[in-house]
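There are 2 protein chains.
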Amino acid sequence: MGDGRNALARQGAILAARADNRNVPSNRRRPAMKEPVRLSLADVETLCHGILRRHGVSERQAWPITRTIVAAERDGCASHGLYRLFGYIRSVQLGKSDGAAEPVATDVGPAIASVDAARGFAPAAFDLGRPLLVDKARRNGLAALVIRHSHHFSALWAEVEPLAAEDGLAAIAFCPSISWVAPAGGSKPLFGTDPVAFSWPRPGQLPFVFDFATSAVARGEIELRRRAGEPIPEGWALDADGNPTTDPAAGLAGAQLPFGGHKGTALQLMIELLAGAMIEDAMSFEALEMDDGAGAPPLHGELILAFDPAHFGGGSPQNSAARAEALFRRFAEQDGARLPSTRRYAARERTVREGITVPADLYRDLLKLA
Amino acid sequence: MGDGRNALARQGAILAARADNRNVPSNRRRPAMKEPVRLSLADVETLCHGILRRHGVSERQAWPITRTIVAAERDGCASHGLYRLFGYIRSVQLGKSDGAAEPVATDVGPAIASVDAARGFAPAAFDLGRPLLVDKARRNGLAALVIRHSHHFSALWAEVEPLAAEDGLAAIAFCPSISWVAPAGGSKPLFGTDPVAFSWPRPGQLPFVFDFATSAVARGEIELRRRAGEPIPEGWALDADGNPTTDPAAGLAGAQLPFGGHKGTALQLMIELLAGAMIEDAMSFEALEMDDGAGAPPLHGELILAFDPAHFGGGSPQNSAARAEALFRRFAEQDGARLPSTRRYAARERTVREGITVPADLYRDLLKLA
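Note that the protein sequences, when read in sequence, are chains A and B. The numbering of the first sequence is the working numbering, which starts it at 877 and goes up by one. The numbering of the second sequence is the working numbering, which starts it at 877 and goes up by one.
I should point out that these hints are in silico values taken from the structure, not numbers from a laboratory. Careful: at least some of the hints might be erroneous.
Copies of the same chain are indistinguishable here, so a pair counts whether it falls within one copy or spans any two.
Unchecked claim - Below, simulated DMTMM-like cross-link-like pairs (lysine to aspartate or glutamate); rule was C-alpha separation at most 20 Å, straight line:
| # | residue 1 | residue 2 |
| --- | --- | --- |
| 1 | Lys-1064 | Glu-1209 |
| 2 | Lys-1244 | Asp-1167 |
| 3 | Lys-972 | Asp-1115 |
| 4 | Lys-972 | Glu-1097 |
| 5 | Lys-1244 | Asp-1117 |
| 6 | Lys-1244 | Asp-1123 |
| 7 | Lys-1064 | Asp-1115 |
| 8 | Lys-1064 | Glu-1201 |
| 9 | Lys-972 | Asp-1168 |
| 10 | Lys-972 | Asp-1241 |
| 11 | Lys-1064 | Asp-1211 |
| 12 | Lys-1244 | Glu-1209 |
| 13 | Lys-1064 | Asp-1167 |
| 14 | Lys-1064 | Glu-1165 |
| 15 | Lys-972 | Glu-935 |
| 16 | Lys-1064 | Asp-1117 |
| 17 | Lys-972 | Asp-1237 |
| 18 | Lys-1064 | Glu-1099 |
| 19 | Lys-1244 | Glu-1201 |
| 20 | Lys-1244 | Asp-1168 |
| 21 | Lys-1244 | Glu-1225 |
| 22 | Lys-972 | Glu-1165 |
| 23 | Lys-910 | Asp-1011 |
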């Protein structure tokens, strides 16, 4: 991403090369492309940034969004990739998000920094708050970054991973989303898919990172089954009457279920309280009401905790990094167990060399936006 | 528990009243009691404290342990109640724990306090660190208490609940335990049952609290099925060859499974890293090795995070407490969903009035200790 500005220069050339596509007003005039399109990560960056800028998103907002979208495509997470551009732009067009918002940071004290995203997107707010968070965590060992009034549409690992990889901190992040998930034993949506992410720095290698929805599955998984005409397993969702269902459409119209039964519900309550009520921003049920049917990225907050392991050690001869590596070695001895993030890192190794492929339909729709 | 010292005075009377039991050297001389014994919570306190003191546990260590044991019996959690006295005393007798340990507190900085439990028990270490934690959280909004080198044998809710109820703070606590749990996809024990607890203060009522093992079930649940000769459900454990089993004995000899599949494993990794590696204390696999077959309460650390919601608010008219209560109201509208801790609180209301009943066998064994 460091060459973000250079990519601007490449943008004209790439878009010009694809002008034949862009000038086609409708796909009736020629056969639709069927073959997936191969793009380098630099191409993705240029395309993404250009589309955002063309639709009134400021430089300040557009670069951080671009970074998260490129990171998602790079890591094989297409669901958080280019596809999300339609949501970002729809949100700006509907006036839900302010594409030119100027986030404002507040230094609350030795352990808390706060950013008001001013109805802009979370990545720019994170970028503004990150240096404060890192400084406080390094100085005092533990610090929180509160993000408020942000439209949240990117994966949390994209925030916690650099805190570990570049700043040497462990980090936890969580946020509400939109009320789609019933509590264990209940039947109506109340919580969001409420993700939680964690990162741990590993000297000389990529950090340990996880990021998962506290619902049984991401909502997109159910949507994919619906499109494919396939049933969903029991335990993913209830229908509108509160009965278990294997029909994805019924599950989308009803309520998703938490992961891990009542323990998942307990964690969802914690996330809604700490990253909603406590920071005086929307919980998932409020985010849904504010969205008012627009289907835009939800407006809510986020809480990030950062830990500098150096402050937590007890002066024992074996430091925290060495101890952690001993745990990872034991983990690696377990055939069949997969460390979270290894799949993303494998994809990254490949895409950095080979680029990514984008489905023809998606690419055509993106070019319409460009 | 505030009347702990008064209870000392009651102790003599109660033990004298039961002298007939204590003077019986073996149950061959008279028929074994069959009827459960009813005790007031004051009786439980006196009995517990007396037993600990008689077995070389210092006042400093004995009162905090007594408080957690009485709280467990009061809340209907017999598995963390009087039964645990045998473990505490066994640990002191084996020389694993120091029953007269003097914990030492260190003020690490504005956001971190640390207590070296000096191989004593966790409750005394928590008591020493708690005022530091509360002061830092109130002053700066966010603070951590690190406990190191403690023998941990009590439930975490007993620590986070008073932080919410008495100090008005939200709190998260977690710790490793003993390696009994395989990672998802793996087959050998690596993680502990690694509990996580959370509390949220509720004005005018008891706090919201949860506390659960990140294994599929607590180890005691499997032990109970084994004693009852009942099978365990699939998903609780693997046998020693790594195959799913419904045989509780095979599961205890093999590996427990995490709750929530790979997401539970991710959380277990986080707990081991933050409350083990980061604080430079034992992870669950190390605690098992240090125990060396003694079966004593494990020696490891604990991490407690405390949040003062007043520092996290955004100055919006609706404060965090009011927002949280709106969430709890919505939750209460869901028929069938149960808020964590309601069962404990219901038991408490009953036992404070009526006392508890103790199985005859357990009571007889306790009197032998007294």
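Results of checking the hints against the structure:
1. For the identical chains of this complex, Lys-1064 and Glu-1209 are inter-copy neighbours only, at 9 Å across copies versus 42 Å inside a copy, given an alpha-carbon limit of 20 Å.
2. In this homomeric assembly, Lys-1244 and Asp-1167 never come within 20 Å of each other (Cα to Cα): the closest approach is 26 Å inside a single copy and 65 Å across copies.
3. Proximity of Lys-972 and Asp-1115 under a CA criterion of 20 Å is satisfied in neither setting, with 30 Å inside one chain copy and 54 Å between copies.
4. Taking the shortest alpha-carbon separations for Lys-972 and Glu-1097, neither the intra-copy value of 26 Å nor the inter-copy value of 50 Å comes in at or below 20 Å.
5. In this assembly of identical chains, the alpha carbons of Lys-1244 and Asp-1117 never lie at most 20 Å apart, being 41 Å within a copy and 57 Å across copies at closest.
6. Proximity of Lys-1244 and Asp-1123 under a CA criterion of 20 Å is satisfied in neither setting, with 34 Å inside one chain copy and 61 Å between copies.
7. Proximity of Lys-1064 to Asp-1115 under the C-alpha cut-off of 20 Å is restricted to the intra-copy arrangement: shortest distance 9 Å within a copy versus 38 Å between copies.
8. In this homomeric assembly, Lys-1064 and Glu-1201 come within 20 Å of each other (Cα to Cα) only across copies, at 18 Å, whereas the closest approach inside a single copy is 43 Å.
9. Taking identical chains as interchangeable, the C-alpha atoms of Lys-972 and Asp-1168 lie at most 20 Å apart only when both belong to the same chain, with a minimum of 10 Å there against 61 Å between chains.
10. Taking the shortest Cα distances, Lys-972 and Asp-1241 never come within 20 Å of each other, neither inside one copy (22 Å) nor across copies (67 Å).
11. Taking identical chains as interchangeable, the C-alpha atoms of Lys-1064 and Asp-1211 lie at most 20 Å apart only when they sit on different chains, with a minimum of 9 Å there against 40 Å within one chain.
12. For a Cα distance limit of 20 Å, the shortest separation of Lys-1244 from Glu-1209 qualifies neither inside one copy, at 50 Å, nor across copies, at 46 Å.
13. Taking CA atoms no more than 20 Å apart as the test, Lys-1064 paired with Asp-1167 passes inside one copy only; the shortest distance there is 18 Å, against 47 Å between copies.
14. With identical chains, the CA atoms of Lys-1064 and Glu-1165 are at most 20 Å apart within one copy only, with a shortest distance of 15 Å there and 47 Å across copies.
15. Taking the shortest Cα distances, Lys-972 and Glu-935 sit within 20 Å of each other inside one copy (19 Å), while across copies they are farther apart (62 Å).
16. In this homomeric assembly, Lys-1064 and Asp-1117 come within 20 Å of each other (Cα to Cα) only inside a single copy, at 9 Å, whereas the closest approach across copies is 42 Å.
17. In this assembly of identical chains, Lys-972 and Asp-1237 lie within 20 Å of each other by CA distance neither inside one copy nor across copies; the values are 27 Å within and 66 Å between.
18. Taking the closest pair of Cα atoms, Lys-1064 and Glu-1099 come within 20 Å of each other only inside a single copy of the chain (19 Å); across copies the shortest separation is 36 Å, beyond that limit.
19. Taking the shortest alpha-carbon separations for Lys-1244 and Glu-1201, neither the intra-copy value of 48 Å nor the inter-copy value of 46 Å comes in at or below 20 Å.
20. Taking the closest pair of Cα atoms, Lys-1244 and Asp-1168 never come within 20 Å of each other, the shortest separation being 27 Å inside a single copy and 67 Å across copies.
21. Taking the shortest alpha-carbon separations for Lys-1244 and Glu-1225, neither the intra-copy value of 30 Å nor the inter-copy value of 65 Å comes in at or below 20 Å.
22. Proximity of Lys-972 to Glu-1165 under the C-alpha cut-off of 20 Å is restricted to the intra-copy arrangement: shortest distance 13 Å within a copy versus 56 Å between copies.
23. Taking CA atoms no more than 20 Å apart as the test, Lys-910 paired with Asp-1011 passes in neither setting, with 50 Å inside one copy and 64 Å between copies.
Comparing the model with each numbered hint stated earlier shows that hints 2, 3, 4, 5, 6, 10, 12, 17, 19, 20, 21 and 23 do not hold.
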